[in-house]
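A.B. asks: The opening residue of the sequence shown carries number 11 in the numbering used here; numbering runs sequentially from there.
It should be emphasised that the hints constitute simulated quantities derived from the structure, not laboratory data.
Among the hints, a few may not be true.
[As the list claims (entries may be wrong)] Label pairs and their calculated CB-CB ranges: (1) A19 with R120: 46 to 54 Å; (2) T13 with P117: 27 to 35 Å; (3) F114 with A82: 20 to 28 Å; (4) V207 with R84: 37 to 45 Å; (5) R216 with P117: 21 to 29 Å; (6) V88 with W112: 36 to 44 Å.
All residues carry an ideal CB built from backbone N, CA and C; glycine is no exception.
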Amino acid sequence: MDTLSGRIAAVSLGLTSWLVALATFLVAIGFLAGLPLAPFHLEGPLAVPPWHALALDGLLLVGLVAAVLLAAGRSHRVRLLMVSAVALLVMAFWQPLGGEAWQFDNPSLRLVLSAAFGLGAALLAYALVLADLLSGSGLVAAWRRLPGGSVRAIPALARGLRGEARLASGLGVLLCAWGSPAMGVAHLGLALLASLVVGWTMVRGRARSSGRVLRLERAPRDGVRHAA
């Protein structure tokens with residue numbers, strides 16, 4: 011993709027993936043919050059027998075996890091397209107389970123929970139922007155390779171934002187999952203699942219960071235040993 015046409019194609023793909031991801035993000039916010047204008051909703055009356063709905067929703071979630079795992083080794087643009095497309099399919103075919111876990115009627119508490127949801131959505135949007143900025147195959151990277159753009163590497167300071175992006179995305183997921191004045195059974199199940207995934211991701215990321223620090227600390231000692 012060193013030719014001009016290749017660079018333009020990279021920018022076009024990056025822009026397309028971002029538009030699809032943005033549309034998916036907005037639909038997902040409406041899906042979770044139950045906004046009237048959203049095309050799909052997480053909660054609602056049962057349209058099929060409960061076990062059928064539960065089985066279908068479980069298969070949809072397994073498909074979403076499989077898409078995330080399959081997209082892990084691909085470029086940032088392809089990851090956005092794959093995960094966004096599968097997420098849209100999940101929301102389109104989702105079957106509400108009915109039932110109510112809780113509902114708060116206190117206006118102040120409802121306002122706090124709604125604000126928490128809004129903050130979570132903002133953090134997720136921030137994490138998406140950071141992920142593209144730090145990716146070598148994102149829209150920003152492709153734009154830099156156009157004539158007149160800068161092909162300079164991302165500064166070392168920006169690389170330190172990877173941890174911030176992970177923290178913002180994890181906190182955003184938790185706030186969006188639990189920031190709801192009214193929560194149904196399906197929403198509660200997804201919130202618990204999201205909490206487990208975020209916790210596992212944070213522990214895994216911390217373990218990787220500790221491993222890098224240990225390798226960096228050992229490198230000078232190994233060099234001294236070889237010199238001796």
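A.B. asks: Could you run down the list of hints and mark each one as holding or not?
C.D. replies: Taking the hints in turn, this is what the structure says about them:
1. A19 with R120: 46 to 54 Å: holds, 48 Å
2. T13 with P117: 27 to 35 Å: For P117 against T13, whose Cβ atoms are near 60 Å apart, the range 27 to 35 Å is violated.
3. F114 with A82: 20 to 28 Å: 38 Å Cβ-Cβ, so the 20 to 28 Å window is violated.
4. V207 with R84: 37 to 45 Å: violated, 20 Å
5. R216 with P117: 21 to 29 Å: For P117 against R216, whose Cβ atoms are near 39 Å apart, the range 21 to 29 Å is violated.
6. V88 with W112: 36 to 44 Å: At 40 Å between Cβs, range holds.
Taken one by one, the earlier hints fail for this structure at numbers 2, 3, 4 and 5, listed in ascending order.
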